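**Q** Sequence:
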Amino acid sequence: MAYRITLIPGDGTGPELVAATRLVLEATGLQFDWDMQDAGADVVERYGTPLPEAVLDSIRANRVALKGPITTPLGTGFRSVNVAIRKTLDLYANVRPARTTKGIPVCHEGVDLVVVRENTEDLYAGIEHDVI
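Every letter in the sequence shown is one number past the one before it in our numbering, and letter 73, counting from 1, is 73.
Ranges between beta-carbon positions, derived for each pair:
#, residue 1, residue 2, range
1, R79, E26, 28 to 36 Å
2, Y92, A54, 21 to 29 Å
3, V114, Q31, 22 to 30 Å
Here are the simulated lysine to any residue pairs, SDA-like style, with alpha carbons at most 20 Å apart:
#, residue 1, residue 2
4, K67, K87
5, K67, L23
6, K67, F78
Bear in mind the hints are in silico, worked out from the structure with no lab data behind them. From a predicted model like this one, the values you see are computed outputs, not experimental measurements. We treat Cβ as the ideally placed atom computed from N, Cα and C, and that holds for glycine.
Make the full structure from the sequences, and use the hints.
**A** Shown next, in the form of structure tokens:
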């Protein structure tokens with residue numbers, strides 16, 4: 001069985017990082033069916049938005065996505081694609097698990113940690129404020 005995954009290469013260093021990540025995932029021997037989707041500055045001219053609805057539809061259908069870095073213009077341009085995805089899909093938590101792996105030398109053995117960061121406040125929320 002192949003796992004269908006939305007794949008968003010991003011822009012800038014994104015495509016290179018996503019290509020390397022794909023190599024690592026495919027080296028596991030699992031089968032993947034990559035649903036390629038474009039988002040970011042490079043697609044604005046084609047679609048009129050950095051986040052086409054097809055990208056969101058793909059994520060909703062597949063329920064999992066791998067996304068490379070996407071440029072967010074400072075001061076002008078468009079709103080962060082990351083923030084738009086979080087808000088549109090109501091992604092409340094950013095979950096980051098970390099574990100030590102047997103056979104790999106580490107300073108601290110037996111680490112099994114999960115960090116949960118809320119996506120609806122602070123910088124993750126993309127709330128703009130006017131300086132008075």
